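Q: Here is what each chain is made of, one letter per residue.
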Amino acid sequence: MFYLKFPRLSQTSTLRKQPADIKNAPGAYAKWRLLKDSWARYGVIGGGLAVIVAVVLIFFYLLYVVFPLFIPAAVEPVSQFDVPEKALGKTLLLAIEEQNEVAGRFTDSGQVVFFEAATGKTVSIQAVAIPEDAHIISFAQGSPINEGAVIYGLSDGRAVIVKQQYKITYPDNKRVITPSLEYPLGEQPLILDEAGAALEKIAVQVGEDTTTIVVKTADKIRLTSFEKVQALFAEEASFNRTDSVLDIPAVEVADILIDKEGRKLYLVSSDGQLSFVDISNQGSPAIKQKQNIMETGKTITSTAFLNGDLSLMIGDSTGLVSQWSMVKDGLNRPAMQKIRVFKVSDRPVLAINSEQRRKGFITMDADGYIGIYHSTAERELIKERLSTSLPVAAVISPRANALLVQSENGKMHFWHVENKHPEVSLKSLWQKVWYESYPKPAYIWQSSSASSDFEPKYSLTPLVFGTLKAAFYAMLLAIPLALMGAIYTAYFMAPGMRQYVKPTIELMGALPTVILGFLAGLWLAPFMEKHLSGVFFLLIIVPLGVMLFAFLWQTLPKTIQQKLPEGWDAALLIPVILLSGWFAFAVSVPLEALLFHGTLRDWFKTELGIGYDQRNAMVVGVAMGFAVIPTIFSIAEDAIFSVPKHLTVGSLALGATTWQTVTRVVLFTASPGIFSAIMIGFGRAVGETMIVLMATGNTPVMDLSIFQGLRTLAANIAVEMPETEVNSTHYRVLFLAALVLFMFTFVFNTLAEVIRQRLREKYSSL
Amino acid sequence: MMRVWFKSGAPWIWLNAAAVSICLIMVVGVLVLVMVRGVGHFWPGKVAQLIYQEEGEQPQILIGEIVDTTITPALMAKASGFKMTDEEDTLVQYQIKTGNRDVTGADFRWIEERKIKQEKYPAGIIVIERREWGNFYGQLVGIKENNKTIATGEQAWPMVSERINRALSIFKEINRLEKKEIGAINYGLERLRLKQKKLQLENRWNEPAEKQMAAEKAGYEAEYKRHQTQLGELYQKIRRDSLIAKTDSGGEVEVPLAKVVRVYRPNNMSLIDKIGHYGRKAIEFVTDDPREANTEGGIFPAIFGTVLMVIIMAIIVTPFGVIAAVYLREYAKQGFTTRLIRVAVNNLAGVPSIVYGVFGLGFFVYILGGSIDQLFFPEAAPAPVFGTPGLLWASITLALLTLPVVIVSTEEGLARIPSSIREGSLALGATKLETLWRTVLPMASPAMMTGLILAVARAAGEVAPLMLVGVVKLAPTLPLDGNYPFLHLERKFMHLGFHIYDVGFQSPNVEAARPLVYATALLLVIVIVGLNLAAIIIRNNLREKYRALEG
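Just so you know, the protein sequences line up as chains A and B, in that order. Quick note on numbering: the working numbering labels position 357 of the first sequence as 357, and the sequence is numbered without any gaps. Quick note on numbering: the working numbering labels position 113 of the second sequence as 879, and the sequence is numbered without any gaps.
For reference, chain A alone in the conformation it holds in the complex:
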């Protein structure tokens, strides 16, 4: 940290005119000299302006990186073609692989048509092994979606699970994608209803070891799970089957959803009943909860899990999509809660499909619109109408950069989607957001986690809060010490002492902040934890000690008083302060034991319920206060010292005491300078990185308590920047944090500098 002072001498340069005799002198040498001179001029002007360029460049570069966060998403039609192999039946499901090259169409006749996504050219047609004596009644996509499994429910109580696979090979250095079908539980249909009743609704979850299937027949809901048992030497794995029947009337159930862990089962009826069944023990499913999630008069028209399977998206007949998530209620029981609603259309929402890697989803409504939304950010990213005809099926690619939609008139539309940063909106950055599985909306910064279905929480509010909190406590220490010190040094101190004191305090600003942070974290924090009461006593006893000493001093005989040269009082006070400081700590130990029956820390905790972190805001306040004192001191001291002498002399001559002169004349005149000193100091405190990084626990909590840790914008950047992927949303949000810091300090510094320039002019005119 350091501060800036421009030289105050403002003479105008006398170099602006060329000496006349050179211009007139003939000869190549003179010309060469003049040429050099003008080159130098342009070079120097360029160099001078480069400073402005640098600042502008920093600003615009940060803006350039941040900008894409706020660009709206866009879709671009790539191609349109007839539905491939239309004769093979209606589309049940569309699928598309990672590279957006090959897509698949699952038909109601049990065929899968793989075609080129961009042209519609058929790649291959594969038939699912459906037994001849049965036909398909129900169909569902397996969970998790990115596994690519589907299930067919048949008319005779049997079902078939099929998994689509895309193999990538590189013959002749060209990528070739070969689609194929696989049967994870064998090609033989699974008998789910012994009686042979038709499977009206079906759902499946395909896991590494267990596969869970839930079916609805006319009168029952059955749960069947297959656990893979790998015998030691057997080539084929065998399956352990568990069967159970759910105690829920089957009639109403319109939709069945199983989460990807195979632990939670949701049954939805079209009139709005949602039942939640705990199936973590497959043998005995437990119905945990049943609730009505629709107002009367509305019906559920579509349901889907959001990526991660922690919340349900429910579309209704009035065009609303609501997000329901499992939240602990007041009695710590899990309950489904509506955490947000999207207005999609005025007509029913026909279908909801989720993105595979983010918390986004697409909707299709009866108006013929396709919408892309993001749940956390509550953003409507895309709303596009296909053509005049309604969409019947749609899929968004795994990387969420392509969209394939089939419309009612037998056309297939392939769109390119540009939607890189849907997670960020002004609301998700600055306002409370209700995240999945959280009991209520909150400000949370939690940018990354190991699992891919994690919901990133990019709320800058706790970071800004932490920044301001740290700066506030730092200023609480720095402002009184620095300003009082500046007043004394500039106005009362003897020049002989000032000559040494000023550089010493300025040297304080030159100390690397990493050393201050290290001392704060490893020495001061444990020290304060141990001597908490001593620190508080220090605040009371030292000022009292100083006052007492001052009072006693002036009662001393004049002869002794006059031994101290004027303006050296500060030197005299050093032993007094050291002594009273020592006294504060010494007396604190028995007093603490007496007053608080143990330690003050425990007292705070048990009596007031205030927790104590070892690395807390108080430690940061002291360490960072230490770092900004020199900045404020130096600028304020300059401002006070250069108050024209005739003002103070005049005041004294009119009979004011020195203290009156200081408060009424000097401080008043220098107040703009003092103000700008405080602002620059505040700017420093806001941007300081190393001290907060080392002296706080870096926990992004919003807690005003002085004994709690915090995380600042700057420390957050330092901690997370090295680990982010370039141009990811996280990377850009960190740049946004940097931009916020930049703008913040820019405003403060510019204001301070303008005020200082004004003040300088004022002084020179006085």
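No wet-lab data here; the hints were simulated from the structure. Any given hint could be a false lead.
Some chain B residues well away from chain A (every beta-carbon gap over 10 Å; in silico) [what the hints assert, rightly or not]: (1) Thr836; (2) Leu960; (3) Lys961; (4) Ile1004; (5) Leu1290.
Label-pair distances were calculated between CB atoms; the ranges are [unchecked claim]: (6) Ala950/B / Ser180/A: 47 to 57 Å; (7) Val1052/B / Asn727/A: 49 to 59 Å; (8) Lys964/B / Ala442/A: 19 to 29 Å; (9) Trp771/B / Gln562/A: 45 to 55 Å.
For clarity, every value in this text was computed on a predicted model and none was experimentally measured. Note that beta-carbon positions come from the ideal geometry of N, C-alpha and C, so glycine has one too.
Got chain A sorted already, so can you dock chain B onto it with the hints?
A: For chain B alone, kept in the frame of chain A given last:
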């Protein structure tokens, strides 16, 4: 009387004076704290042998250095769960460094004074500094050569130091071979690989090139083989001796001399021995590589990295800073533009350093570095050369950060030069450039020097931006070495300030590393305070000089 006194304002003046005193106490206090803790690190402390008895247990022998003491009042100790009798006013606890992490699993232990039954400082206790597992504390039992005990007890001690010197010189040779010779071969092979790829990319990979490359490769490989056999022999030699020592719990441990840095008997050392030991440790600290995840050994690579980075930064920042200052003071008309530049300079000084880091990472590393890689190093892809944080980008980022310091300081120097000197030069027919170059700038050079010194001091202590643009906790190679092109601007480097942060906060064994961090901090403080004092002195001299000129 009290009221009169308050009315006079005197108490407030005293309070203001107290603020100055507190500031001074804080500065001096921090300096003294760092000094005291940092200086003590290398002093060989006495090693105690304690008989220690936990309640209800057999007494045990503990050997270790007492490194810390805490005194807790009885009430508080009770509150934190200690059993205290009524006679006890305080609980005294010692932290002892028992070392022997390979045996006990921890380096440090807290013990209570009241449970110490006996405290002795036997002369025979040895401390072994090892390359692995930290220090060893115990008693010397004997020395072995090729698994045969050749001396035991007191006779073994004179042989130890002699044999350690032998092992150390072999170790040095091994280190030289591995790092320097084999390092150079590996570097050469990597260059050959890149050259081949480059030729292939440019379609110039043909018979003669292939032949030439094969020949070069064969040359390197032959050399490598030769070094490998040499190394084998050296390893054979260094494994010859080992040392048998007894731990405090009575177990015997065999320590191969190949893993030993030094052995000493602190309780048996005279003051002169101790001073010698201190000196050797201090020298090792500034000239050696770190050991054991940076918690032991020296910090030479960090010093080297800091100095090199600062030098490159100074080369970049000086011309820019001086030119900008010259423009502000000598060329520009004082008005809106200069005001704008001053605002810009102030903002450059006020922007948080971490923002420079972010800017440096995004703009210099990814955009500039990425483009350089595409243009000049296509053969290295996908591995980045300049498109990753490194020395050059760190230097440029810090140059930008310290630019305001140089500008302001130089400008002040220029402002102090009396205009009569410029006028004199112009009147004699010199052009403006000549006036600047021959008279003004030379006179302002001490001011530039001041600015440069302050910039260097700032850069040496800055850590936050460096964490993003090129500093690492452990760099395998120095950015300057004997391999062409000698100065490797793209390499990552170590830095004193980051070393403090990393070892103090990210190290697996913070407790053991703490003294080293204090020592590093002391070094950094000395450097920075020294630089700042130098700048102040130069500036004061300068003022005196111009006062004379003006007079």
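Q: Evaluate each hint against the coordinates.
A: Here is what the structure says about each hint:
no.: 1; hint: Thr836; in the structure: 8 Å, violated
no.: 2; hint: Leu960; in the structure: 23 Å, holds
no.: 3; hint: Lys961; in the structure: 24 Å, holds
no.: 4; hint: Ile1004; in the structure: 37 Å, holds
no.: 5; hint: Leu1290; in the structure: 6 Å, violated
no.: 6; hint: Ala950/B / Ser180/A: 47 to 57 Å; in the structure: 53 Å, holds
no.: 7; hint: Val1052/B / Asn727/A: 49 to 59 Å; in the structure: 42 Å, violated
no.: 8; hint: Lys964/B / Ala442/A: 19 to 29 Å; in the structure: 55 Å, violated
no.: 9; hint: Trp771/B / Gln562/A: 45 to 55 Å; in the structure: 18 Å, violated
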